[in-house]
Amino acid sequence: MASVAGLSTATYLAFCGAALALVLTPGPDTMYVLARGMQGRGAGVRSAFGISAGVLLHTAAATLGLAALLRAAPTAYRLLKYVGAAYLVYLGVTALRDDEFDPQVETDPEGSFRRGVLVNALNPKVALFFLAFLPGFAGSGDGTGVRMALLGATYALLTAAYLSVVALASGRAGDALESTRLSSGLNWVGGGVMVALGVGVALE
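Under my numbering, think of the first position of the sequence shown as -1, with each following residue one higher.
Hints should not be assumed to be uniformly reliable.
As the list claims (entries may be wrong) - Cβ pair distances, simulated, as ranges:
1) Lys123 to Gly40: 41 to 51 Å
2) Arg76 to Leu20: 33 to 43 Å
3) Thr142 to Leu67: 33 to 43 Å
4) Ser138 to Val91: 44 to 54 Å
5) Gly40 to Thr7: 35 to 45 Å
6) Leu18 to Thr142: 41 to 51 Å
7) Thr73 to Leu155: 15 to 25 Å
8) Ala159 to Phe127: 17 to 27 Å
9) Gly4 to Ala58: 13 to 23 Å
10) Gly190 to Lys123: 17 to 27 Å
11) Ser138 to Cys14: 13 to 23 Å
Since the hints were derived computationally from the structure, they do not count as laboratory data. Backbone N, C-alpha and C fix where the C-beta goes; we use that ideal spot for every residue, glycine too.
Please take these sequences and the hints and turn them into a complete structure.
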């Protein structure tokens, strides 16, 4: 049977199917890209790629065993969770203050990417998810790290593809509303979503 980096084709395709189902499940990442996309396609797509880069960081952490430390140390897990929640609230408050989600206000290209990375990387639930999800498909023995890296990269690519579609779709909606009175309201929606997500993460 054909294999990919030591993985059977059947196992790899099964992983892709499971990963796609998970990527399509709405969460903080999707909501962030949706809000950014309403501001503009470019901002949304850059945020999508930033989140995908965050996925690669979680993959590296799982491969190196760092994610296991979060599971074994509840205090570290809670600390990271609260830091991530505070960051989401910070994004929301900053957006409301600076009109960052208003389609008529340009955003810093590098900032959209960097913030996307942090939105994903500061979510400890994603770290623990990768720790549980990847080894089940990567198996054990020689080459486990390589297989986990391949699977994580695949997940990141699927994430980038899907969230880019979300960004482009929400960008069209933002363009349609840009010349209407609802334009300024988009900023309140985007900022409010970030604040609500942060509070939700903190209370989980």
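Does 41 to 51 Å hold as the CB distance between Leu18 and Thr142, or does it fail? 23 Å, violated
Is it true that the C-beta distance of Lys123 to Gly40 lies inside 41 to 51 Å, as the hint says? Given about 29 Å between the Cβ atoms, the range is violated.
Do the beta carbons of Ala159 and Phe127 sit within 17 to 27 Å of each other? With Cβ atoms ~19 Å apart, the hint holds.
Ser138 paired with Cys14, Cβ distance criterion 13 to 23 Å: 21 Å, holds
Given the hint of 13 to 23 Å, is the C-beta distance from Gly4 to Ala58 inside that range or not? About 19 Å separates the Cβ atoms of Gly4 and Ala58, which means 13 to 23 Å holds.
At the C-beta level, are Thr73 and Leu155 separated by a distance inside 15 to 25 Å? For Thr73 and Leu155 the Cβ distance comes to about 34 Å; the hint is violated.
Assessment of proposed distance window 17 to 27 Å (beta carbons of Gly190, Lys123): 22 Å, holds
For the range 35 to 45 Å, tell me whether the beta carbons of Gly40 and Thr7 fit it or not. 37 Å, holds
Thr142 paired with Leu67, Cβ distance criterion 33 to 43 Å: Since Thr142 and Leu67 have Cβ atoms about 18 Å apart, the given range 33 to 43 Å is violated.
Val91 and Ser138 - C-beta distance against the hinted 44 to 54 Å: Cβ of Ser138 to Cβ of Val91: about 45 Å, so the range 44 to 54 Å holds.
Measuring from beta carbon to beta carbon, are Arg76 and Leu20 in 33 to 43 Å? 24 Å, violated
This entry does not satisfy hints 1, 2, 3, 6 and 7, going by the numbered hints stated previously.
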